[in-house]
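Visitor: Residue strings, one per chain:
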Amino acid sequence: MRKHSMQHLTYRALRLRLGAMLVGTSALLSGCGLFETDVANVNAVTEDALAEPTAAAALVNGLGGNLNLAVNGLIGISGAASDELQWAGSREYWNLLDAGDIGDPINEYSNGTYPFVSTARWQGDFTVASLEAFGTRLPNRADLVRAYIFAGTAYLFIGENYEDFIIGSNRTVPAAPVGAANMLITLDSAIAYYTKAAALATTLSNTDLQRQALGLRARARFSRVVWQKLRAPRGFPADPLVNVAAVTADASAALAIMGGDTYRFRLTSTAQNAAGYFNTGFEMNQRLELRAGSAYVNGSATAVDAGIAGIRLTDPVSGAPDASLAVAINECCRQSSGQFLAYTLTSAREMQLILAEAALAAGNAGEFATRINAVRAIDGKPAWTGTPLALDILIHERRVGLFFQGRRLHDHYRFNRPAEKWLPIYAATVRPCFLPISFDERTQNVLAPQPAQDRPTACQR
Amino acid sequence: MRRVSWVGSVLMAGLGAGLTFGATPVKAQNATAIIEGKITDGTSQRPLDAASVFISETRLGGVTNAQGTYRIVGVPVTGTRTVLVRVRALGYTPASKSVALTAGQTTKVDFALSTSAIQLNQVVVTGSGQATETKRLGNTVAVIVPPANAPINDISNLLTAREPGLVGVIGGGLSGQGAQIRIRGNSSLSQSNEPIIFIDGVRMNNGASGGGGGGGATTRLDDIDPTTIERVEVLKGAAAATLYGTEASNGVIQIFTKVGSQGAPRWNFTAQQDAITFPDRVAPNTGFARRQSQADSLSGFYGRTIAPFEIIETEVFKDNLTETGRGTSVAANVTGGSNAVTYFASGRLFNENGPFGGNQFGVASDEIRRIQTSANLTLVPFKNFRVRFNNNFYNIASKNPETNNNIYGVNSLAFMARPELANCRNSSVESPGVCSGAGNLFGNQAFMTVREAMGQQNEGAASRYLGSLDMTYNQTSNLTYSATLGYDYTAARDIQFSRFGYNIDRFTSQTVTGARSVFNDNTRVSTLDAKVAYNRNIGSSWSTSTVGGLQVFNTNTKTTAANSQAFPGPGIEVVGAGGTAITNGETLLTTINGGYFGQTQLGFRDWVFGTVGGRYDFSSAFGEAAPGVFYPKVSLSVVPSDRKSWNSSTLSTLRLRAAVGQSGRQPGAFDKFTTFQPLTSEFGPGLAPQNLGSQELRPEISTEIEGGFEAGFYDNRLAFEFTYWDRKVRDALIARQFPSSGGFRNTQITNIGAISANGLEMNLRVFPIRTATSSLELFANAAYLKQTLTSLGGAPPIKVGYFRYRGFLKEGDPLGSLYEPLLASACPSGGPATNSAGRPITCFNPATEVPINFNGRGTAATQQELLAYFATPRDIQTSAVQGALQPLLADYQGTGILFEQRNGDVFPDWTGAFGGTYRFRKNWRIQSLFEYRTGFQVQNLTDGFRLSQHPSIGSNRREFSEVQSIMLNPASTAQERVDAATLYVNEYRRLLEPGLNQGQDGTFLRWRELALTYEFNPTLASKLGARTLSVTGAGRNLLLWTKYPGVDPEVNAIDRSASTLDQNFLASTEAFGVPIPRRFSFSVNFGF
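Chains as they are written, first to last, in the working numbering: chain P, 1 to 461; chain F, 1 to 1088.
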């Protein structure tokens, strides 16, 4: 009897304990946050966080990152479309760019780069508007100068590289293209942003930003004139040289504060903002899809010794491999250059070349020689004394001095000197043709040109 | 979700309170009786293992052991009592006997069961909230029982080809590569189409691991030890899975592991050895020397005379990168216990070094090692209260070479090598085809040599605990509370590593100073499941069964990633040592889904059953204040053959059923918000546009109707099951790509789509032979699937995957369609036909024209101009010739886009399997399984390179080499060159026009399994010291019948490591993967 009672008590105690455990567990569950739906996203910020002026620097830095991504892709495409770079790997859309098929909307590189350019354009306008709205609450007004410069540069690259573009879209609301005939407004937008940047930088006495703004405005104004020569009317111009007062004024003003002929303003890619197929450095120096063009280097640029030994293109004055090109190739286009490259946006060398060209157009041989030789002196090349012809030495110095800066395609057209690999079945051999609105944008945007696969009119053979 | 956990707490508190005041001790009876007996196969008299024996209208019961015996103790008896003893066993007709019991005595009750091809009395628990017979449900619940002794090493193999409509999409043939699971196709465009998976009632992490280097991912599903699986229940769609709510629209898989059974400890051991080989499915590498000097050089390298334009053939993959793989599996388990405590414990070591060889070249290998342990303890402290603790611990380690679509992949480099480019340029020829040191043994032209690729290694490792506490309390015979708390934690780590100086051939420039990437993923899934069930009879004709409760799942994922390149020297193998390309990242994500569910079933005279139910769901994706979503269901099951008046032995069983229900998928945790993400630049930390956001987001809703019947003929020796289902998805979540000109590059999830799908499922099972010494069981099943993207809601077509894959999602077309350029045809008499846009379809006159778009002018070439063009040899690998010889394409469909003509889809129209089991001479059993898939295309990117004109890689299949040698050979005639060029343009030209000639018929039949088992007589086994003893010889993936010319129509470069969209719609994409290997196994199973 006692044993049974003990057993009964034991069962009862066990029952009570188990019951208490379950009740306790249930209370614990209802009290803890394990199953509450209110969870936070710590991986990103919502847009309302950007309404605070403290977000200004982050917005501008992010814009700089996006601009870097855009420029990074465009330099590779433009390089492949010109004779600067050529295909060496597995993805044949580089080869089609080599062959001069520049206007194909479906080209995976131009198609894939278009969104990066668009984002840089949109974030540029968004960032400028945001920072301007902060007014006096902006903690550092130099951030606004940087925003103007980056936003302007997005427009600059659009104007220099695209046949047509869409700049009116905002988030989910699509807009129609600017129209090929109206693309000058992209360069005008760039100039407007640079003008604001220069003014504010001057107010802030920020020389570094001031020379960036002035140098880029000189480039934008120069490109504006080139645009008119190549596209209004469309063709290879009989008078290719640029000599416009506003351009030379900006170039002179920029040069005056650049602090010497070696000054450059560059965007530098990093592992955090460059990756994959639209990182030209990766495609060239890691994956080996691209290499410097065979007109520039001996064999594979990645396989030969660095420095002058690998250079095929000779200096027309000395007949030796070009030293300026050797510097550029070393920086960009050898395996040792790495996959995170820097892209020169403006430089004292470019200002000198702009001024030299203006002098040549104006018939001022003395100033032309002075300017050209100042450029040549940067890399220790002997002075030009009249041979070869002035136009040829100008074209050559632009070719090697602005190598890998997205200018060569313009010069192919401007001076009617087609790239060696261009095939006659493509339009680039008969008229200037630039990058199209991408295939993807056309399929996503009903206001974009249709059918999506068609090349722009200027790019149709 | 606080309200949900509050309700859960109330339910659990009810369980606790009831337990406190109502539990009855197990041994509290004064007068009891014992029932024991033996269950045998009525034909063969073979004892039946795992048959369920229970006393009707009580919770008392047991399971037979391997000798077929059972014992039920503690049956309450006052004086004498008559009880109904019922028996159920898979594959047999249930049976019952009335037994008179006397207190204090043991009554012996034996059963001889007859086999049945139909299983309407099978008890399932998935989808109904409580255990119930399948005949009561208006929907199908498939039950997969692991076939005894079949060569099944993982869950992926267990699920594949067993049930119509359930398909495994496997990544490739490397050891450990897991499969995607699809049930009735895809019900979602943007969200995962994997079914949700439970193990013993606990939601499990079904992610992927590894897959660095373009594939080769393992799946978390395969962490589970297949030898511990009792059965798998499968709900195929929304009509069946409504009670699982959001996320269940692609079905539910519920895995039940073995539990302990009463009796003395019984041990079982299995030892298995596997030999694994690749079938000969990789075409040889071919090429030719273009010049005498090259031929001379090659003669020196290969040690035989080679002439210019003579086709040289090597088998780089087969001869150098394959071996006979070895697998070892050792498993043991023990079960036993009393009526108050039972236990089951198991352990398995699975170790495999697969058929990928080449380790004479480098460290890359395909290996998988799984240590899998499980232990569960079931306590019955009171006769109406049961508590069970499940504990599983897994330790997984895997290695994979770089594989699939990857220019640094070992396979891709082996497949692409050109024998005419082989050399020992950096050393000397030691023997034919062998260099003394650095060289290019196989003729790689770009990226790296095969030997260098072998210097890269991918490794994965995971430690995982999966456990649960499961409680059931029967307050009365009608009222049951139950609750499950589950915890699944996985710490996974994946590494890609190239050591310093792995470029042993001095060929590659890819990170020659080393590179390392580390990815850590810590994922925790917590489950709370609590419910109450109430069952009662109303009079003699009606019965009700009601269940209500809640489920909540909390998934917490923390990932960290770190990468670097360029180590300072050899021997340093950590990310911190790398000097360039240094990146790191971290993500933290918590998502919570849950809901209440309820269901009532009304039964009439045990042959008509109607069910209504529903679930009300919440999700953290919509925030705490957002309203939930209600998913309803209704079903009807009518079993006229269970009427007492039914006595047909020809049509011995008949059931008609219909069900309609809803389920859903919710968007991602933060898809509704406009967000900006980190973007660091040289200027400092920054922010950039990420997510457009949409405040209107809600779950997509799948509504599925299914109806069908099961019929058993000739005393259930033949059974046929038929199901038709139809699914409509509204508010389909579409990852819409808004124009990037608007500033945001990422897609935005929006509820704008609609999908319709329907299908058939048929299952035939027949037992033509049933004798005392032999039996034959045959089955065949088939599933038809049709899926259409009804609406994209105004969104543009969605491109799926990488540029060279030609998958798109376009409104009005079948899901998973391929869009490729189509070649022009000969003009019909009367001139060109017109397409739907009213434009003439490009065609050519075969009498006067050749279908080549000469110089891209848009019309067919004439024979004369081609003869003139080919007056001299032409190199098709140059841009100029490629530009001159373009394919003549036609816009058949009037889309205006030549490159996007629909050319089939990647999902098979029909899938299925057939096979059977033959038991003969009493002790022998042979089992076989064949699987087929028809009506789909494989994107053959491997041959996109190997058969094409690509100048730097591939172009090395014999077909292309022969054509090219003719076009280049000065000795060939112009006409021969024209003929070769025509063949090239219309058959072999690839890549230049994206997708041209790339989609190919993937129909196949595969001999999936064959197993021959000998089971020793118990007397003989006992003489050898064992209770049971059997030996099995088995084969897996023995033969493949297909017209597909590529490596394997089943492998898929898009595995579990790819993006969700790619996983959903890029099935059947073959890109440099290895074929599914053959496996030969020998195993010994014994118990004591």
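No wet-lab data here; the hints were simulated from the structure. Note that the coordinates shown come from a computational prediction; the quantities given were computed from them, not determined experimentally. Note that the Cβ used here is the ideal one computed from N, Cα and C, for glycine as well. Careful: at least some of the hints might be erroneous.
[What the hints assert, rightly or not] Label-pair ranges, simulated between beta-carbon atoms:
1. Leu588/F / Arg141/P: 45 to 55 Å
2. Gln975/F / Pro382/P: 54 to 64 Å
3. Gly299/P / Ser299/F: 22 to 32 Å
Visitor: Among the hints numbered above, which are violated by the structure, and what are their numbers in rising order?
Guide: 1
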